[in-house]
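There are 2 protein chains.
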Amino acid sequence: MANSGSGDSVVDRVVRVIAAFPEGVTVLQLSELAARTGLPLTTAHRLVRQLAGHGLLDVGTGGSVRLGLRLWEIVNRNSPTLELRQAAMPFMEDIQQVLNQNVNLAVLDGWEALFVERLSRRGSAANRAQVAGRMPVHLSSAGLVLMANQPMPVQAEYLERFTDPTGRLALEDLRILLGEAAHQGYAQLAGVVDPDTWGIAVPVLDRKKRIVAALGVVVPLREVRLQALVPALQTAARGIGRRLGESQSGAEFRSME
Amino acid sequence: MANSGSGDSVVDRVVRVIAAFPEGVTVLQLSELAARTGLPLTTAHRLVRQLAGHGLLDVGTGGSVRLGLRLWEIVNRNSPTLELRQAAMPFMEDIQQVLNQNVNLAVLDGWEALFVERLSRRGSAANRAQVAGRMPVHLSSAGLVLMANQPMPVQAEYLERFTDPTGRLALEDLRILLGEAAHQGYAQLAGVVDPDTWGIAVPVLDRKKRIVAALGVVVPLREVRLQALVPALQTAARGIGRRLGESQSGAEFRSME
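Chain order of the listed sequences is A and B.
What the first sequence shows, in the numbering used here, is residues 21 to 277, in sequence order.
What the second sequence shows, in the numbering used here, is residues 21 to 277, in sequence order.
Don't read these hints as lab results, they were simulated from the structure.
Treat the hints with care, as some may be off.
The list treats identical chains as interchangeable, and a pair is accepted whether it falls inside one copy or across any two copies.
Stated by the list, open to error - Straight-line Cα separation of at most 25 Å, SDA-like style, residue types lysine to any residue; simulated pairs:
| # | residue 1 | residue 2 |
| --- | --- | --- |
| 1 | 228 | 83 |
| 2 | 228 | 84 |
| 3 | 228 | 47 |
| 4 | 228 | 120 |
| 5 | 228 | 46 |
| 6 | 229 | 202 |
| 7 | 228 | 55 |
| 8 | 229 | 200 |
| 9 | 228 | 80 |
| 10 | 229 | 83 |
The following block holds chain A by itself, in its conformation from the complex (with noise of 0.2 Å):
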């Protein structure tokens, strides 16, 4: 049956292949994918084979791979963030259109932010197709203010395994940091990706007040109006609240243990 040892190691095979593509690589040759996945190679051909045949991957010719269209619509079709994300868009918008700010949405994975949709301020040169980064907890704003809002045990199991390779942040720091994240309703940063911007970011609430996600601005260092941005942020994510259901807004992005 599936689950004896060679049931597994194809689940397990399967995965490593679709997550061996790096960080913005979209096309990788037959023999990289198998030394990235330590697959023998004709492992990997026969691998990719089954699952280009199912549109999971699809291969061109001289054998490069791409991740599937279909592996792509099924995502985008049905993704995990897709009730948040069109809750938050709209409002997303006004804040483009008001603030003329760079917005971004993030949730919480891990120790580490997750962008899952970012408008750019109008005439930036940001580029809206790449979503789905990663900032960790205490670079970015967004990742502060989804921090601060967790619960105790979350915040301390964090706090203890916390370390900063840099050694810029003390531990003790970064505790003041949450309390005020918590404190204030909202984080403000200064830009790690860009040092000329700050990062502001607010936390959305579902209708029982848990948090779901954070909404952020990126604003230039020398932008003065963070009274009118934090309320009109505060307002927008307010209204992303409201629109979440309130029977799944809740349901936690957390793989079972």
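The hints should help you fit chain B onto chain A, whose structure is shown.
Chain B in isolation, oriented as in the chain A frame:
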């Protein structure tokens, strides 16, 4: 080895589980999932557990199953359509800003246009969060333009297999529509989803003059600026084509046979 019957069937089952969610449905109960895949409940449960362990599925309290955030992340970070969408997005934003129309981008997949990106008109209620829709070739201007620019053998096979279940479009009319689209360099078609609109689409060609996508707008029937819309779309399409890399831009979105 993995090419045994049991290995094959594990891949099949993985695909059946991932593909089990009907369009727009983000959550299934485990029992529904089992029923939809035709797997015994215990088998479905074990497979879901394995896939959730890898982040390809997320399982909530009470046995609710979603596609996994990690799967969403992998597919969107390494999307097969990423290069195309990144090349197209600035030009789609231009169209949206200048013409203030709903803009879309589609690729041909089988005998259907698969919409891979969409920008809504400002103030429009249409929601961009939902992409990955499909339309039969003969019911969409994007589909007609995509098919009209395929090599002759592909068009011949398409026409040979064509049937319109509604009986409203005769084969000869379709042949004329395709011929016009090829000759004029664009296709236009009255809206199917919304009968008060027209769809207009032009081909996006890569540097080797192979069609890679269709760029289209959806406009109200009363819109009379067709003369202005088509050149604007064609200009944007040329810009997109120029931005596509010479090497892989023409990679076909087809599964290995």
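For residue 229 vs residue 200, is the C-alpha pair at or below 25 Å within one copy, between two copies, both, or neither? within (19 Å within a copy, 57 Å between copies)
With 25 Å as the alpha-carbon cut-off, assign the pair residue 228 and residue 80 to within, between, both or neither. between (48 Å within a copy, 17 Å between copies)
At most 25 Å between C-alpha atoms: does residue 228 with residue 47 qualify within a copy, between copies, both, or neither? Close across copies (19 Å), not inside one copy (43 Å); limit 25 Å.
Evaluate residue 228 and residue 120 at a C-alpha cut-off of 25 Å and name the case that applies: within, between, both or neither. Answer is neither: 31 Å inside a copy and 38 Å across each miss the 25 Å cutoff.
25 Å Cα threshold - placement of residue 83 relative to residue 229: Result: close only across copies, 23 Å inter versus 50 Å intra.
Within a copy, between copies, both or neither: which one fits residue 229 and residue 202 at a CA-CA cutoff of 25 Å? The answer is within: 13 Å in one copy meets 25 Å, while 56 Å across copies does not.
Regarding residue 228 and residue 55, is the shortest C-alpha distance of 25 Å or less found within a copy, between copies, in both, or in neither? neither (47 Å within a copy, 32 Å between copies)
Within, between, both or neither: how does the pair residue 228, residue 84 come out at a Cα-Cα threshold of 25 Å? For residue 228 and residue 84, only the inter-copy Cα distance (19 Å) is at most 25 Å; the intra-copy one is 48 Å.
Homomeric proximity label, residue 228 with residue 46: Cα distance no greater than 25 Å: Classified as between: cross-chain Cα gap 20 Å, same-chain 40 Å, threshold 25 Å.
At most 25 Å between alpha carbons: which applies to residue 228 and residue 83, within, between, both or neither? Between. Shortest inter-copy distance 20 Å satisfies the 25 Å Cα cut-off; intra-copy 50 Å does not.
When held up to the earlier numbered hints, the structure conflicts with 4 and 7 and fits the remainder.
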